[in-house]
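Working from the sequences, and respecting the hints, build out all of it.
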Amino acid sequence: MDTGVVLSRKQADYICRDERYCLSMQRYKGQQYSQLYFFRLHTIRQNLLSRIQERWPSLPVCKILGLEEGQLCVVVGTLYKQMQLKPSILEEYSKERSVVPLATPSKFTHNDDYLIMEDESGRVKLIRDANLPSFYVTGVVVAVCGKEEKDGEFFVQEILEPGLPPQIPLRSAVSFDEEKFVVFASGLKIGGESTNPLELQLLLDHLTGHLGEEEEQSLSSQIVRVVIAGGSVDLQTSLSNGQPLSGKEQTKLVEPIRELDLVLTQLAAAMPVDIMPGPNDPANYSLPQQPLHRCLFPGASLYNTFVSATNPHQFELDGALFLGTSGQNIEDLEKYSEAEERLDFMERTLVWRHLAPTAPDTLGCYPFTDRDPFILEMCPHVYFCGNQPSYASRLLKGPSGQQVRLICIPSFQETSSVVLVSLKTWDSHILTFSANSFQP
Amino acid sequence: MADVLQDVGIRDQIQALVCDTLQVVSYKWLSRRFSISSNTAKRILQEFAEQSKGDNIEVVYVVAGWTKNEPRNYSVQLVTQDRLQEARETLHGSPSSHVYSVQPCLPKDPAQLFAAEFVQAQELFKQPSDVDNCLRDNRFSGVSCSLVARCLGRVSSIIPKQHGAISATNQALSPPPLLAEALLDNEGPKPEVQAFQSAPAVPLGLPKIAGGVTLKEEPTTVTGLTGKGPVDSIASGNVSAGKRKVGAAGGEGSLASLWGKAPNQSSKPSAPKSSGPVKPITTAGDADRGIRAMEASVSDASSDDDVSGFAQRRGGQVMRSAGRKRQIVLDEDEEMSAKEEENPDSIECEEVVSLASPPSKSSPSVVAEEKSKENTKAKVHLPGPLTAAIDKERKISWNEKHADGPEKVEVLLEPSCAQPVENQIQHEGKAEPSSVVSDKSPSGPKRKKVLRTRIDNRGREVTEVVWETDGVEEPHETKPASAKTVAQPAVVETKPITDKLAPSKAQRGPQQGASTKGSNKSAGKANAKGPQQGKLDSFFKRKS
Numbered sequence: 001m002d003t004g005v006v007l008s009r010k011q012a013d014y015i016c017r018d019e020r021y022c023l024s025m026q027r028y029k030g031q032q033y034s035q036l037y038f039f040r041l042h043t044i045r046q047n048l049l050s051r052i053q054e055r056w057p058s059l060p061v062c063k064i065l066g067l068e069e070g071q072l073c074v075v076v077g078t079l080y081k082q083m084q085l086k087p088s089i090l091e092e093y094s095k096e097r098s099v100v101p102l103a104t105p106s107k108f109t110h111n112d113d114y115l116i117m118e119d120e121s122g123r124v125k126l127i128r129d130a131n132l133p134s135f136y137v138t139g140v141v142v143a144v145c146g147k148e149e150k151d152g153e154f155f156v157q158e159i160l161e162p163g164l165p166p167q168i169p170l171r172s173a174v175s176f177d178e179e180k181f182v183v184f185a186s187g188l189k190i191g192g193e194s195t196n197p198l199e200l201q202l203l204l205d206h207l208t209g210h211l212g213e214e215e216e217q218s219l220s221s222q223i224v225r226v227v228i229a230g231g232s233v234d235l236q237t238s239l240s241n242g243q244p245l246s247g248k249e250q251t252k253l254v255e256p257i258r259e260l261d262l263v264l265t266q267l268a269a270a271m272p273v274d275i276m277p278g279p280n281d282p283a284n285y286s287l288p289q290q291p292l293h294r295c296l297f298p299g300a301s302l303y304n305t306f307v308s309a310t311n312p313h314q315f316e317l318d319g320a321l322f323l324g325t326s327g328q329n330i331e332d333l334e335k336y337s338e339a340e341e342r343l344d345f346m347e348r349t350l351v352w353r354h355l356a357p358t359a360p361d362t363l364g365c366y367p368f369t370d371r372d373p374f375i376l377e378m379c380p381h382v383y384f385c386g387n388q389p390s391y392a393s394r395l396l397k398g399p400s401g402q403q404v405r406l407i408c409i410p411s412f413q414e415t416s417s418v419v420l421v422s423l424k425t426w427d428s429h430i431l432t433f434s435a436n437s438f439q440p
Numbered sequence: 001m002a003d004v005l006q007d008v009g010i011r012d013q014i015q016a017l018v019c020d021t022l023q024v025v026s027y028k029w030l031s032r033r034f035s036i037s038s039n040t041a042k043r044i045l046q047e048f049a050e051q052s053k054g055d056n057i058e059v060v061y062v063v064a065g066w067t068k069n070e071p072r073n074y075s076v077q078l079v080t081q082d083r084l085q086e087a088r089e090t091l092h093g094s095p096s097s098h099v100y101s102v103q104p105c106l107p108k109d110p111a112q113l114f115a116a117e118f119v120q121a122q123e124l125f126k127q128p129s130d131v132d133n134c135l136r137d138n139r140f141s142g143v144s145c146s147l148v149a150r151c152l153g154r155v156s157s158i159i160p161k162q163h164g165a166i167s168a169t170n171q172a173l174s175p176p177p178l179l180a181e182a183l184l185d186n187e188g189p190k191p192e193v194q195a196f197q198s199a200p201a202v203p204l205g206l207p208k209i210a211g212g213v214t215l216k217e218e219p220t221t222v223t224g225l226t227g228k229g230p231v232d233s234i235a236s237g238n239v240s241a242g243k244r245k246v247g248a249a250g251g252e253g254s255l256a257s258l259w260g261k262a263p264n265q266s267s268k269p270s271a272p273k274s275s276g277p278v279k280p281i282t283t284a285g286d287a288d289r290g291i292r293a294m295e296a297s298v299s300d301a302s303s304d305d306d307v308s309g310f311a312q313r314r315g316g317q318v319m320r321s322a323g324r325k326r327q328i329v330l331d332e333d334e335e336m337s338a339k340e341e342e343n344p345d346s347i348e349c350e351e352v353v354s355l356a357s358p359p360s361k362s363s364p365s366v367v368a369e370e371k372s373k374e375n376t377k378a379k380v381h382l383p384g385p386l387t388a389a390i391d392k393e394r395k396i397s398w399n400e401k402h403a404d405g406p407e408k409v410e411v412l413l414e415p416s417c418a419q420p421v422e423n424q425i426q427h428e429g430k431a432e433p434s435s436v437v438s439d440k441s442p443s444g445p446k447r448k449k450v451l452r453t454r455i456d457n458r459g460r461e462v463t464e465v466v467w468e469t470d471g472v473e474e475p476h477e478t479k480p481a482s483a484k485t486v487a488q489p490a491v492v493e494t495k496p497i498t499d500k501l502a503p504s505k506a507q508r509g510p511q512q513g514a515s516t517k518g519s520n521k522s523a524g525k526a527n528a529k530g531p532q533q534g535k536l537d538s539f540f541k542r543k544s
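Protein chains in written order, with UniProt numbering: chain P, 1 to 440; chain F, 1 to 544.
These are calculated hints, taken from the structure and not from any lab test.
Even for Gly, the Cβ is constructed at its ideal location relative to N, Cα and C.
The reader is advised that the hints may include incorrect statements.
Below, in silico cross-link-like pairs of lysine-lysine (DSS-like), each with a Cα-Cα straight-line distance of 27 Å or less [as the list claims (entries may be wrong)]:
{"hint": "1", "chain 1": "P", "residue 1": "K86", "chain 2": "P", "residue 2": "K107"}
{"hint": "2", "chain 1": "F", "residue 1": "K126", "chain 2": "P", "residue 2": "K107"}
{"hint": "3", "chain 1": "P", "residue 1": "K424", "chain 2": "F", "residue 2": "K68"}
{"hint": "4", "chain 1": "F", "residue 1": "K68", "chain 2": "P", "residue 2": "K252"}
{"hint": "5", "chain 1": "P", "residue 1": "K248", "chain 2": "F", "residue 2": "K68"}
{"hint": "6", "chain 1": "P", "residue 1": "K29", "chain 2": "P", "residue 2": "K10"}
Computed footprint of chain P on chain F; a stretch qualifies when at least three of its residues, placed anywhere within it, have a C-beta under 8 Å from a C-beta of chain P [stated by the list, open to error]:
{"hint": "7", "stretch": "4-15"}
{"hint": "8", "stretch": "72-85"}
{"hint": "9", "stretch": "115-127"}
{"hint": "10", "stretch": "135-143"}
Structure, rendered in structure tokens:
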């Protein structure tokens with residue numbers, strides 16, 4: 001045990017690709033979201049046109065206003081899903097405000113939802129079988145093939161989605177002959193009531209190489225990076241109820257952030273760390289969330305290994321593209337559409353080539369005027385999503401040889417586990433910590 | 001051998017800690033406490049555990065390894081000694097296990113296992129940032145990372161700005177040595193803000209010296225006009241402005257009362273606005289203030305025909321748009337965007353304020369213009385603050401020289417409004433301090449502007465501003481009877497004479513009242529050092 005040998009940690013080349021999510025150069029001039037939608041439609045339509053040519057070479061592509069009754073054609077536009085259960089601020093306002101709903105529904109899908117397709121010229125209602133609306137959400141750009149009916153509705157025969165974007169092939173396996181791991185953690189919820197600090201400590205000890213014997217420490221030395229995908233603190237915002245806070249209360253309020261800083265300092269002293277903001281973290285609400293500010297981490301931000309990243313976060317490790325969010329986009333999809341698994345939602349966002357199609361409809365988003373940063377241009381090699389209820393992983397294979405590892409990162413507070421992804425084999429494993437079984 | 005001795009010594013200490021102080025001793029705590037590597041600490045704990053097997057010491061082990069059954073996960077568990085074996089069996093191969101901690105008894109709350117460690121970690125964390133302790137460089141771990149570099153000079157972008165702001169503003173906030181304090185230092189951005197706020201407050205403070213809410217505006221106006229001109233002009237402006245306000249107050253009051261609300265508005269916004277770091281006058285909510293400001297600059301030094309005429313025009317304009325609040329902006333730099341939006345009328349219906357002597361009254365001389373026009377005119381005719389002041393002075397002096405005839409300021413309210421700009425040219429020829437402010441200019445003999453109403457030879461009730469030296473009244477006479485009254489209805493009554501132009505009369509009445517009120521107020525304000533309403537006494541005192 002008493003080996004004087006200290007293992008050295010593996011390293012991987014890291015390039016951060018968060019510039020597209022950075023808002024520092026944006027100036028809000030009171031614009032609304034029309035430009036964002038326009039850009040989205042325009043960009044994805046470009047991608048779709050080539051696919052339409054392949055699929056339906058003989059059919060014309062029409063604008064919605066140019067639809068003629070009975071003519072089979074292809075229309076490209078943005079989908080809008082009309083949902084009767086969707087919370088509307090106007091309805092809430094007009095209703096009796098004293099009436100408190102018994103239960104806030106977490107899912108807003110309904111059998112009577114229907115889809116409307118919209119492009120620059122107009123809108124048309126889409127009809128097909130009943131399953132269609134539950135699959136899609138507002139904001140997705142697709143091409144539909146069909147014909148206009150008598151009553152002005154468009155009968156859909158086929159739908160064409162943009163499909164997986166092209167993927168840069170990985171460099172030859174030369175750089176991958178040694179095993180390297182990336183750890184994805186999420187939902188640490190430091191300062192929360194149900195957090196077990198001991199398990200967090202175990203995680204920390206393991207990652208920094210304190211824990212375990214040689215075998216374990218060698219595993220730890222193969223971990224090249226830790227990515228914390230949001231949900232890092234659980235601030236007791238009930239304290240700040242509008243009254244001025246005393247010094248004690250202020251300290252109590254920011255205590256979780258100090259603890260997080262302590263954890264991050266220990267982590268950053270040992271290995272590279274990326275931290276992303278999450279739904280309840282002290283960052284902005286709308287996507288893309290800006291990096292947690294360095295002043296929150298006076299200890300950790302002194303390290304060159306500490307990276308405060310945006311949400312969504314995109315980076316390259318040894319040439320492999322990693323992309324992921326802290327979970328807000330998938331949560332929103334879960335509310336407004338249906339699927340069997342969370343992984344299905346993730347797959348859909350890749351196929352739709354858009355990270356967060358429901359933004360800005362039901363998900364907060366910045367009104368970009370010059371681009372839509374959530375459009376996927378390149379297919380990532382690893383696509384992760386944080387703060388999920390349970391771990392799930394899938395290797396998605398695309399038609400053009402793309403290969404994506406989809407990962408749902410479970411919330412650490414609930415599952416006490418983090419995800420290990422191998423850079424060599426693209427396998428993913430769970431790393432669980434348990435501190436409960438020692439009780440008598 | 002020394003190591004062994006050291007180990008023994010440490011073990012004894014552990015013994016003492018566990019048995020006597022009942023503390024949980026984990027390997028990490030041990031390593032940091034005694035500056036030994038984690039692996040060494042684990043070994044020592046192992047030896048200690050074996051040594052004191054029967055001694056009522058509880059040991060907690062950590063077992064880590066890949067799970068046997070699919071899916072293959074890596075599991076790290078904390079187990080007690082009795083469960084150690086079964087935990088090892090669930091794991092693939094021979095999982096690693098070592099002592100995690102020793103303690104006298106198993107705590108009910110698992111978190112207590114690491115409480116001592118946490119305290120230790122916090123203490124290490126709170127050490128000054130330039131100290132490189134074992135927490136910060138992870139020196140005792142089994143894995144070292146050469147990539148890690150801790151750079152103290154790498155402060156956040158906030159800190160330098162804070163420093164800059166702090167130093168610039170001389171805030172008593174010592175720059176924190178490192179970011180460690182940055183979190184505590186929530187005041188960081190605030191002093192910055194406060195500094196910036198206080199900075200502009202400084203020049204405004206000068207005018208404030210003159211005291212009084214209304215005076216605040218005037219001097220600030222002057223400041224604005226002068227573009228932060230020398231203090232003298234400001235001071236002189238203050239003094240004269242204050243005095244002038246007395247006479248002008250009457251006109252102002254009547255102007256303000258035109259809408260019924262104007263008086264309130266004039267008083268309220270005046271206070272906050274003058275204290276804000278905003279360009280003067282622009283914040284003035286009323287034509288009144290604008291007029292006062294104009295008066296201030298006029299009384300200051302020069303006589304600017306245009307300026308005073310401008311003010312006069314504004315006065316007229318104020319009168320004309322009944323019920324609508326106008327904000328007259330005399331600021332050259334700022335756009336008159338928000339002001340007088342409510343005056344669609346003024347485009348078509350421009351008030352004419354004649355500053356000419358009666359013969360020249362034939363043509364509408366005053367323009368009640370759209371604010372933009374006014375502004376441009378203001379800008380045109382207020383090229384620089386000093387020049388404006390100088391112009392006014394010239395005007396005033398010129399006016400005084402020509403003590404003949406009704407050199408008065410007529411405020412003609414023509415229902416059919418008319419010409420814009422050329423009135424300004426007319427103003428050039430006329431001297432007139434606007435009817436708002438009465439003040440004493442220090443440069444010449446003490447004289448003040450006084451608002452007078454009279455009936456001219458055409459049967460119109462004319463409110464004039466006359467220059468009145470101390471005790472000696474210039475050709476113009478009556479203080480409007482309305483001056484005595486502050487209430488609006490009373491003012492209306494003082495419109496004794498039938499007017500040929502009923503509308504204008506109707507307008508003049510309130511105008512009188514407004515101006516009276518305004519003069520009362522301004523007089524009072526002139527005296528008050530704070531945002532108080534005017535006192536009647538000061539008004540009369542000045543009049544004498």
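We went through each hint and held it up to the structure:
A distance of roughly 9 Å separates the Cα atoms of P/K86 and P/K107; the hinted pair therefore holds under the 27 Å criterion. Of the supplied pair hints, the one linking F/K126 and P/K107 is violated, its CA atoms being roughly 46 Å apart against a limit of 27 Å. With a C-alpha separation of about 22 Å, the suggested pair P/K424 and F/K68 falls inside the 27 Å cut-off, and the hint holds. As the CA atoms of F/K68 and P/K252 are separated by approximately 43 Å, the hinted pair breaks the 27 Å bound.
Restraint check for P/K248 and F/K68: not satisfied, since their Cα atoms lie roughly 49 Å apart, outside the 27 Å limit. A distance of roughly 47 Å separates the Cα atoms of P/K29 and P/K10; the hinted pair therefore is violated under the 27 Å criterion. Evaluation of the coverage hint for the stretch 4-15 of chain F: breached, as 0 residues show C-beta separations to chain P shorter than 8 Å, against a requirement of three. For the stretch 72-85 of chain F, the assignment as covered by chain P holds, since 10 residues bring a beta-carbon within under 8 Å of that chain's beta-carbons and 3 suffice.
Note: the stretch 115-127 of chain F has 5 residues with beta-carbon separation from chain P under 8 Å; the three-residue rule is met and the coverage holds. Using a Cβ-Cβ cut-off of 8 Å, 8 residues of the stretch 135-143 of chain F lie near chain P, which meets the minimum of three, so the contact claim holds.
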